[in-house]
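S.K.: Single-letter residue listing:
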Amino acid sequence: MTDGTDIRRNDGAGDAKSFKGFCQEFSKIPGPGGEAPPLLRVSGLTRRYGACIGCAEVGFDLWPGEVMGIVGESGSGKSTLLACLAGHLAPDAGQVLWRDRDGRTRDVLTMSEPERRMLARTDWAFVHQNPRDGLRMGVSAGGNVGERLMAVGARHYGRIRATAADWLGRVEIDPGRIDDAPHRFSGGMQQRLQIARNLVTHPRLVLMDEPTGGLDVSVQARLLDLLRGLVREMGLSAVVVTHDLAVVRLLAHRLMVMKDGRVVEAGLTDQVLDDPQHPYTQLLVSSVLQV
Amino acid sequence: MTVQDSGYTFAYLDEATKRMIRRALLKAVAIPGYQVPFASREMPMPYGWGTGGVQLTAACLTPGDVLKVIDQGADDTTNAVSIRSFFARVAGIATTEATAEATIIQTRHRIPETPLTEDQILVFQVPIPEPLRFLEPRETETRRMHALADYGLMQVRLYEDIARHGAITRAYAYPVRVEGRYVMDPSPIPRFDNPKLDRSAALMLFGAGREQRIHALPPWTRVESLDFEDYPFEASRPDAPCALCGATDSYLDEVITDDAGGRMFVCSDTDHCAGRRAAGHRGASTETGA
Amino acid sequence: MNAPLDPPPAPAVIDVRDVAKSFTLHTQGGAVIEVMRGAALQVRAGECVALTGASGAGKSTLMRMIWGNYRIAAGSIRVAGVELAGADARTVLALRRDRLGHVSQFLRVVPRVPAREVVAEPLLGLGCPRDEALSRAEALLARLGIPPALWGLSPTTFSGGEQQRVNIARGFVHPFPALLLDEPTASLDGGNRATVLDLIREARARGAAILGIFHDAAARAEVCDREVDVGGFTP
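Chains as they are written, first to last, in numbering that gives the first Met the number 0: chain A, 0 to 290; chain B, 0 to 289; chain C, 0 to 234.
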């Protein structure tokens, strides 16, 4: 790198007190030299189911504001990988290092349970494929969105409710439905509610498992667009697991292709999809039906 | 009949059981608000009739104690009378209806109006000790929530109340936070009684026989009812004075007086009411009361 | 009398040296297709260079390699000082964000994003305040003849020419030091075509290095300094 000019983002965004300013503070995208260390470092992550491999020797780094897509077909290990990252499964080997808001490196796999729960409630978020797994169906929409706030100590009803209403608006749910129970919402709305519920504490990492799976195509488009906007606005980092290549092309900066538990190819999304090197990737890409 | 003639060990339970319960009690007192499991025994009354309270009383009684038993504030209901005479028979201890004279008070669903002293123990009968039970049915999960002080769900429940009804509508068994740590169900006492839990001079013990749990509040423990900053906890206020003694600050029962639907409101705490009447206070009603 | 020396040539902003590309088609029995060998060219600041050659000769392939979309099998491509051969994903992303602009032949449309946001996106990605980004986008759309009524609509319903103009607006909204243009005047009528050529000239004037594929020979002649025939790189 001979050129000394700085590729850092112009952070001229307005009022630092504003929500956007607050989020941009956390999303400085470093230049090719990598001024900021990565947010997440995964190495050697392995999980077996007896003799079968769930995922093996998976590693990657993730920087603030980046979206990593993980694609593969059923049985590729992508969901296992995500479950290991999220703490739903205990991996057999590997390391996951997380850089917290104070800049300290935390070892996620050896963290104590209270610490991990705190992380899951504040800095990390998990969006389930089926929104019913990620929502409390017996609690109103407002209660669902406000729960994480209350779990970390928010005690002012008026403010909690206002924040919840604001977030419903942001995910394009009519704030007038704040007291409705989730079972009254369509699948797409439930998924958006799940996203609002997860993002209300401004997490810095979102793990998504097939976020558009099971939704109608038009609904998918809307959801993806929403996610794109939120990722950029909030400077989120995300790991998105999906079998849908169109989703990764739209959302992900970088891509990992998994087969039989291993990563067979990784790199820039458009490069992996337009100039695939590995035989399996070529097969995957060529199998996608063009509309 | 003396205690020896009755054929029971003192206070019905064998010494080993009493010891086991006392150990659980000590643990509960050491960790205010924490639910301690214990091996509940078969008692001569079915579950749901106060076996937890009875076991705790049995473990605490010594021959010099004076026992009072109330049920919803009254000394003269069937259950209060039964339990009181049960202990009179198997422990031979003195019993009383006067709060101020008792050393141990076993209660179902009320705290006496008369302020308690450092020499007194209040034993509560508890149906469901877990405050989160109806929000989270899994015991494994609720234990974890208590261990990690993960009480967001409880707060959500209160949020839902306000969203639906404009205020927190829990009328009884109103959840409290003990010393800023454990969330506890104070048993189905009316919301009105919650302030009496805070920094009480007496030792408060809670026993759930069917659920096999004991929890406790040592004297002078800080107990706060859960609420929101902008919807602070308010104890309910009586609508009217007691018809018998004229008290304006005691919890009232509604009593139907005739077939025409006539009703009057009288103090739930019979001893308190009787004491006031003995001191000359009178309410609006012309009846003299029992 | 000593003649004054010509000023030394400015360093190349886009510097392609000895680049080769081949595709290995595993789905077709592992057939290896070599499409380019020994490609070399340099574009300096303020220059506009046209890639010419027969259809399928490799113009798009070379452009894609410079954009980072295709892997570089051999050789070196440096853009604004950044080496693309073997570069990791983040390097390419950072390059695209700040230094290298691209007007592709087709606008890849995201279903619901309005035209003004499509155009403003490069600015937003650089941290430009939203209001400013949108107004700059709108100004450019206006210049390219897209009526204000369409600014809030998604380009999915636009005509080919309108989509192309949105695409161009997006490529020119930020003053990139290097620009790749793939058929920028295709599908455009006289007026708009002239506007695009003006934009290219302005970019050149401010010192951008431009590499373009122009099917339109007249346009090529108007804005380009020289041509490079990719036929010379065919193996």
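Please note: incorrect hints may appear among the correct ones.
Unchecked claim - DEER-style ranges, computed between Cβ atoms:
hint, chain 1, residue 1, chain 2, residue 2, range
1, A, R100, C, G230, 53 to 61 Å
2, A, L108, C, G159, 49 to 57 Å
3, C, L152, A, A92, 49 to 57 Å
4, B, G63, A, D178, 56 to 64 Å
5, B, F133, A, D132, 20 to 28 Å
6, B, E100, A, R154, 40 to 48 Å
7, A, H242, C, T23, 21 to 29 Å
8, B, A99, A, D132, 55 to 63 Å
9, A, Q94, B, R163, 18 to 26 Å
10, C, G151, A, R100, 35 to 43 Å
Stated by the list, open to error - Facing chain B, according to a computed beta carbon distance under 8 Å, are these residues of chain A, among others:
hint, residue
11, E112
12, R116
13, G141
14, G142
15, E146
16, R154
17, F184
18, D243
19, L244
20, S286
No lab work stands behind these hints, which were simulated from the structure alone. Note that beta-carbon positions come from the ideal geometry of N, C-alpha and C, so glycine has one too.
S.K.: Each of the hints needs a verdict: does it hold here or not?
M.R.: For each hint, the structure was consulted:
Our hint of 53 to 61 Å for R100(A) and G230(C) holds, since their Cβ atoms are close to 56 Å apart. The hinted window of 49 to 57 Å between L108(A) and G159(C) holds, with their beta carbons roughly 53 Å apart. Taken as a hint, the range 49 to 57 Å holds for the pair L152(C) and A92(A), whose Cβ atoms sit roughly 52 Å apart. Between G63(B) and D178(A), the C-beta spacing of about 58 Å keeps the proposed range 56 to 64 Å intact.
In this structure the supplied range 20 to 28 Å holds for F133(B) paired with D132(A), their Cβ-Cβ distance being about 21 Å. Take E100(B) and R154(A): their Cβ atoms lie about 42 Å apart, and the range 40 to 48 Å holds. The beta-carbon spacing between H242(A) and T23(C), approximately 25 Å, falls within the hinted interval of 21 to 29 Å. Our hint of 55 to 63 Å for A99(B) and D132(A) holds, since their Cβ atoms are close to 57 Å apart.
Taking the beta carbon of each, Q94(A) and R163(B) are about 47 Å apart, not inside 18 to 26 Å as hinted. Restraint check, G151(C) to R100(A): a C-beta distance of roughly 37 Å satisfies the suggested window 35 to 43 Å. The closest approach between the C-beta of E112(A) and any C-beta of chain B is roughly 7 Å, which is under the 8 Å cut-off, so the hint is satisfied. Hint status for R116(A) relative to chain B: holds, with the closest Cβ pair at about 6 Å, below 8 Å.
At about 6 Å, the closest approach between the beta carbon of G141(A) and any beta carbon in chain B falls short of 8 Å, and the interface hint on this residue holds. Checking G142(A) against chain B by beta carbon gives a least distance of about 5 Å; that is within 8 Å, so the hint holds. With a least beta-carbon distance of about 5 Å to chain B, the hint placing E146(A) at the interface is held under the 8 Å criterion. Because the smallest distance between the Cβ of R154(A) and any Cβ of chain B comes to about 5 Å, under 8 Å, the interface hint for this residue holds.
With a least beta-carbon distance of about 16 Å to chain B, the hint placing F184(A) at the interface is violated under the 8 Å criterion. Of the supplied interface hints, the one on D243(A) is violated, with its beta-carbon coming no nearer than about 33 Å to a beta-carbon of chain B, more than 8 Å. The beta carbon of L244(A) comes no nearer than 38 Å to any beta carbon in chain B, farther than 8 Å, and the hint placing it at the interface is violated. Checking S286(A) against chain B: minimum C-beta separation of about 43 Å lies over 8 Å; hint violated.
Hints 9, 17, 18, 19 and 20 from the list above are not met by this structure, while the remaining hints are.
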